[in-house]
Structure formats: C-alpha cells, structure tokens
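Undergrad: Fit the two chains together into the complex; they arrive one by one in their own frames, and the hints show the way.
First to last, the protein sequences are chains A and B. Residue 53 in this note's numbering sits at position 46 of the first sequence, with consecutive numbering throughout. Residue 879 in this note's numbering sits at position 286 of the second sequence, with consecutive numbering throughout.
Fair warning: there could be bad hints in the mix.
[To be verified] Restraint-style ranges between C-beta atoms, simulated for each label pair: (1) B:N904 with A:K9: 43 to 53 Å; (2) A:D86 with B:R665: 53 to 63 Å; (3) A:K92 with B:R665: 52 to 62 Å.
What the hints contain is simulated information worked out from the structure, not anything from laboratory work. Backbone N, C-alpha and C fix where the C-beta goes; we use that ideal spot for every residue, glycine too.
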Amino acid sequence: MKIEKITKLEDCFDGSFVYCYEFTGAVDESMMKAMAEGEKLQYFPNFSKPFYKIFTRDGLQIKGIVGEYNIEVTFPVTDQPEKKKRFEANLKLLL
Amino acid sequence: MILMANSSSKKEMNPNSKPIPIYLNNAATSFPKAPGLGKEVASLMSACPKHPGRAATKGEDILYTCRQEVARLINTNNPNRIVLCKSSTEALNIAICGIDLHGSTVVTTAMEHNSVLRPLYRLEHLKKISLIIVGCTDQGRVNEAEWKQAIINYTPRLVVLNHASNVTGAVNNAESLLGFARKNGALTLLDASQTMGIITVDSTQIPADMIAFTGHKYLLGPTGTGGLYVKEGLSLEPVIVGGTGINSDLKTMPPEMPQKLEAGTPSVPLFGGLLHALKWAASQPEYHLNTAKYLSKLETGLKPIGARQVNVQGSRTFVVSFHLPGWDNEDVSYILDNNYSIISRFGLHCAPLIHRYIDSSSKGTIRFSLSRFTREEEIDTTLEAMKDFRQ
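Just chain B, same shape as in the assembly (with noise of 0.2 Å):
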C-alpha cells in the first residue's frame, strides 16, 4: 500500500525524509505491482528450477499456464500462439522483422511509440520498406479518414495501430480501424501496450494478426516480461534463433508455436510473477469508476491551475498530458520529485511525432498516469502541490 505525507503536512516535512511517492508514472510501469508480486517472484528465484521439456522435473508448467491466462484474457483458445518475451519492444520487432516486407509498404501512424516507429525505420532505411505515417486528431487518436484513404492509396503488407497512446490516453477504435485495413488485404499488428489490463483486448473482437503486450504495466506483472499473440495460421520468421528444449538435432528453429519464435532460456521466475499478477487481476472485482472519477477530478483541478491540457473524448485510459505555460516541463517534474514526492513523467514520452498534433510544448508534456491503486488522497495532494506552480 503506498503511503504518502498529506497535503496540510507538507510544510513541516523533514527536509531530508523521503516519503514513500505518489506515483502517478504506471504508463511508464506500474507501481505498486499486483500484491504478493515480490514474494511470488524471490519464491520462484529460489526454487529448484522446473521447466518441462527442458528439465525433467514435475509440476506446473509456468509457461504454460502464463500463456494460457493470456490467451483467456484475449480470448483466444490455443495458448500455444502467445510468445513470451521480455518486453513490447520485443514482441514488436518479432512481429515486425518475422513478416517478409521485402518491396512492400507499411502503414503506421504518428500515436506510436518508438518500440514501433525505429523498426519501421530501420526496415526503411534498408529500403526494405516503404513507410507511410498516417497523422492524428488534436486528441492523439488516429485521423480515421486519412488511415483509410492511406490503405486505399497504398495497399500496405503490414499495418502497425497504436491501441492507445501513451502520451493522450486516447483509445483508437481498433475494430474499425485493423477491419478496413484487413479487409484491403493487409497483415495487422495491434500494439496493445497501454491497453492490456485496463481495455478489452479481444481477439475475436478486434481483426488483429497479432497483438503485442507488456506485463509490467497495466497486467501489474513484472518488468522483463511480455508478449506477442500470433493469429492460427501466420507464420513468421524467427528474429532470433537458438536453443529451445526441443528438435535439437535441427538446423533450424523447431516449427511448433511458440518454441519457433522463443530462442533461449526464458525467465520461469518473471513470468511466474505475470501469472500471478493476471490470476490476481482476474479475481479483483471492477476498478475502472473510481480511477475514471479521479482521473476526471485531477484534470478538473487542473484547469484554475493554467494547466494547458490534451482535452481526450471518449475511450480512454488513465492519462492526462499537459503542460504549464512559463514552466518547463522537465522543471515541475523535478520539483515535483524532489519537493513533494510525486512521480510524474516529462518529454516525448518516446512518442515523438504525436507532439506535432496535440496542445504540447516544444519539450512534449508533463503525464500523469493513474492505475487502479491510485487513492483519491492522492490525486487531492497532487493539486495541492500543483498550486504552489502559481508563483
């Protein structure tokens, strides 16, 4: 449970105690994790290793049980199509460098993270690719109008959507979007980062390929932990190759999902820790209300302050952007930080070319990002602290 010094305490803080923060950073990761996390993790750290197929110990299979919650939470029957991997960034570049793109054109769009964007430029720069940016509203959700017309225009191999930003909070319709893209012939890659855990991701739902996700976020799993769902029936190439517990005596990759795409030793402990934070997950009743009413509250209480916000309508996660006129962003982060010990995030966010579209500073915004721990407290301190920017 966070704990954290009250707004009417503040002015009597020892200047050199450092309270627990306020952490308002769960796009970047989230904290706190899902409880009993840690133990769940050092528990399997110090446990004889169990890995069948790889050592013939008994007992559960981690792996597979990871990947069968997973494949529940996607609703997808056959668990065997969720690679793990360490991270998004992984999942991404699997997914992106497995596909043959050779000759073909990619359309992506200006919400996406560098996890997708420096791929895609690579592959450019290679001139393997031809790659088309597809522009967003003054919300940072995708120009529905211009997605299409690039389909039209350029009839790409592979399309790359951004579920959410991580900048705006902006949810895009990825069932209309990934559908017309799908439906003029194109592979599709769903980068559902900042929405797995906190929006449906439902693969019978939404017309993606493949879905990359991450566990340290939303899922409130560990870092070092991810993954990519790979439709039945698309086979990609494998980005790295080498040992997997099975087919030894092949030159090659073993064909069977997931082995073909997951080279080396996996980390059991890590992924342990994700499927107790997803079993954890899936037993906590609804959170969304509350978090949505603070969210709704911090950006009410914003506003007097001469916050200049990335005002998002609609399907949304827990973020608001902004930036302060007369301050620099990377100063009331620091400030923030070190005066009052809340954890914001100040840039690009690694979001680079969202910035041209939304109300930002030349130097991005500030983000705070809630998760499903947020208290209200919380939010009451942050703008309290907030007001002492009115100098």
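Pulled out of the complex, with its shape left as it was, chain A reads as follows (with noise of 0.2 Å):
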C-alpha cells in the first residue's frame, strides 16, 4: 500500500492544520492497530464500518473508518512541520 494523494483540508478553528491522506489500499484493523501502538486509541464499532480516533503523544489527532482508503490527520500549531514530516516517515514505514 502506497500514499496516492495527501490534501489540506479547511478548519475554520485555532490554525491548526488537518490533512487527509489517501492510500492505495484499505486501512484495516491491523494497520490501525500499528498507527495505535503506544498512543491512545479510541475505538467505536457500534457503525456499519467502526471509527477510530487516535492521539498521539506528539498532540496529532488520526481518525478514520475501518475498511475506508484514507485518515485524517489534525497537526497541532506547534511545530507542525517537523511533526509532519515524522509522522509521514513513520506512516511510509507501516505501510
């Protein structure tokens, strides 16, 4: 699996920044359980397709759908290139 687009998305609060990346493939169960590891995961299966939400001890936000080819990201202000640039590294990793 492979990133195929990654797009700035508008939010209208606090500057902070939300990106949604795109993947080749789904993101399933076991991929979000390594985008998890060590963080704090929120978990919601009760939908047809169970939500997750993850923070990170970096202060980014990742949510998504089971089974759904993309996530979204929320960068905190600070910092948030080199927060960024890490969390794509460790993403490229995963996959």
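TA: In structure tokens, the structure reads:
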C-alpha cells in the first residue's frame, strides 16, 4: 500500500492543520492498531464500519473508518512541519 | 434525483462503494440544483457568445432577463437596480465599501456571516468606522430591544442585518428592525443569502436600501452567481473599476446602473443558469409544507438520541443546528459522511459570534439543512444513522 494523495482540509478553528491521507488500499484493523501502538486509541465498533481516533504523544489526532482508503490527521500548531514530516516517515514504515 | 442507500441496507453496503449522498448541507450550497441547470449552462458555454452592448450579436440579453427575474422576485420594477456579481460576499462588499462611511458608526449583529463581519472589521481596523455589534437571543435571532437601543444611542450611518441565520435558521423581523433603523436616519442593508428562494423578500415591504443575495443556495442556481439590489436614488461608489462595454472613452466608471458597479466581463453562462433556475422555481407549486414537515420530523427524531438542539420558534428556514454531548462535531460529520454518505456541516459555519448566544459546543454545531428536494426517506435514513451514535 502507498500514499496516493495528501490534501489539506479546511478547518475553521485555532489555526491547526488538518490533512487527508489517501491510500492505494484500505486501512484495515491491523493497520489501525499499528498506527495506535503506544498511543491512545478510541474505537467505536457500533457503526456499520467502525470508527477510530488515535491521540498521539506528539499531539496529533488521527481518525478514520476501518476499511476506508483514507485517514484524517490533525496536526497541532506548534512544530507542525516537523511533526508532519515525522508522522509521514513513520507512516511509510507501516505501509 | 438523489438516490441513496436506505437504512435497512446500510449494513450490507459494499465497503468500497460510494452511494449518491443524502445531502443535508443546503445552507452552504444547494444540491441538487434546478432540473436542467447543468444542461443550460453547458449549452451557453458552447454557444456563440451573446452579450448585447459588448458584442454585436442579436438575441436575448440573458443578463437583462436575469435581472428582470430577480426584480420580479423581490418586487421591484427596475431591473437595472439589480447588480449582478459572483457571490453574496461580493455583493456585500460592494454595498459596505461603496458608501462613504468615513467617521461614522455601523450597527450590525452577532448573527452575521464573515461576509459581513470581515468587511466591517477591515473598515474598523482602518479607523474609518466605529462598529457596534448587537447581540442575539438563544435562538439566534437579533435581540430587538438591544438593536433599537443601539440605533438610538449611536445614530448609525449604516445598519447591516442578516435576514436569517445560517447557523440556526431563525428569521429576523426585517420589516420592523430595518424600519426602525431607517426612521432614525440609517441606510439599511439586508443580507438575504439564506432566505431568497424560501422566504419572501419583498422590497416594497422590507425597508432595505440594499439587499444582497446569492444564486447558489435556495435559488438553486450555479455557484459564481449573486447580486445586489440597490434602491432607486441611492448611489454607491464602485469598489472594482474597469471595462463595462459602454462609455469606454470615460476615465471613470459610467454613471448608469448597473454598469457603474459591474466592471469586467460577466459570466453569461452562469447567469443564464441562474435565470433558468429562477424560471423553473417560479413554475413550481409551493413546497414549504413538506420541507417544514421533514424538518420537524428530523428535530423530533434527534431528541431521543440526546442531540442538544438550538430550539428555534417562529419564522425559520430549513436548518437544524445541534451537538451531541460526548462527541466532537467534526467526528459526527466525518462518520456520517464516510459511513453513511450523509453530508452535513460542522463548526462555526463562518458565523463566529452567534455561538456565544446559542446552545453551541466550544466547536460550534453540527448543521443539517434541507431543501425542497429533501425526501422523507432521507430523513428516516439520517435518523437511523444517528441512532448508531448511542454507543
């Protein structure tokens, strides 16, 4: 699986940065768990496709739907470029 | 026609298939548009341009006919007082920046959209105006007593009033509020972005010197269309200057309306699309009763799910704003979109001040906004989906 597209999304709050990462394949449960390793995971299985949200120690919020081809990542205002770079490097290792 | 997956089939939905969405974001822009709109715009795009006054071709002056239709809609008899522009935002800028406000006070409300607030903030920042912002009720309707007091206290040169809130749908009594302002010497500007097409905006009843509107919301026209009605006798200075196709030897914009305020080549195909939508809507029977019924069903159905709704009484548009305790608004919208193909909107809705007054979370609200095309089955499916948030 590869990253197909990264799109900056609109957000009308506090200057934080939200990006949508689209992949060539679906983000399944094992991929979700890999992204959440060592981080705080919220998992909501009651929807027709489960929703998850990961809160990282770096202050990022990653959310997605199991089985979908994308995730949304909110980066904090401080050190945003470095944190984005680090996240993308780690993400590539998981793909 | 919108197609959608019904509630009973959602569990069996192919995870990779993308059904045509249930669109509940009509207060942002309407979908679907007037039937045949796309075909009309495409046909005008591929046809030989006809723009009397600029090109020596015969045929209908689409821009003039479009002005006529808008004039009919707002009940004014001079189509040349309708300035066509690309959005309500542009119309509001033309109005606010076209009046000499130097050293004066402007009164507006906490209901306003940034299309009103930001031009006013800029004038305030440039020290051209003093800005007074009147608060609103917990329904998102202007506090009438405070409005009247502000007008008495500050004798504004201009007042700007939102006809209806894009956040709560509450409609203001524009006749009374603008009437009071005008009686006290103010020029009056009405932002009818959320009402044109669903609520009567009659220039003979509402004492508005200017009315700004957009074509792509409830008028069911294309994005890139909007306009400004300017009352007979009121002269605005142009904000944008340039070619008009007439009086090209003048160094200034021609004094005639609407050319004075319409520099640059207009998008005839898009205004042809708006014209098509206006004619289509004029030919259709009343639809408000069904849409109001569906809105009521949606509100009633959201209550047992625990949604905290802004409870709007009286005159209103087809909007419900709420938040779900325990959930982030953006997550609710995200799940509805990605899991159920239901399009809503979350956040401040470009109207940041109103949230201080209504029952809103720190991150605004989730908003469902219906249109004449919303079907009862879509409301049922939405309510079924919302039940899944009771984890």
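Undergrad: A separate judgement is required for each hint: does it hold in the structure or not?
TA: Now for the hints, and whether the structure bears them out:
1. Distance hint check for N904 (chain B) and K9 (chain A): the Cβ-Cβ separation is about 49 Å, which falls inside the suggested range of 43 to 53 Å.
2. For D86 (chain A) paired with R665 (chain B), a C-beta distance near 57 Å keeps the hint of 53 to 63 Å intact.
3. About 58 Å separates the C-beta atoms of K92 (chain A) and R665 (chain B), a value consistent with the hinted range of 52 to 62 Å.
In the structure shown, no violation is registered for any of the earlier numbered hints.
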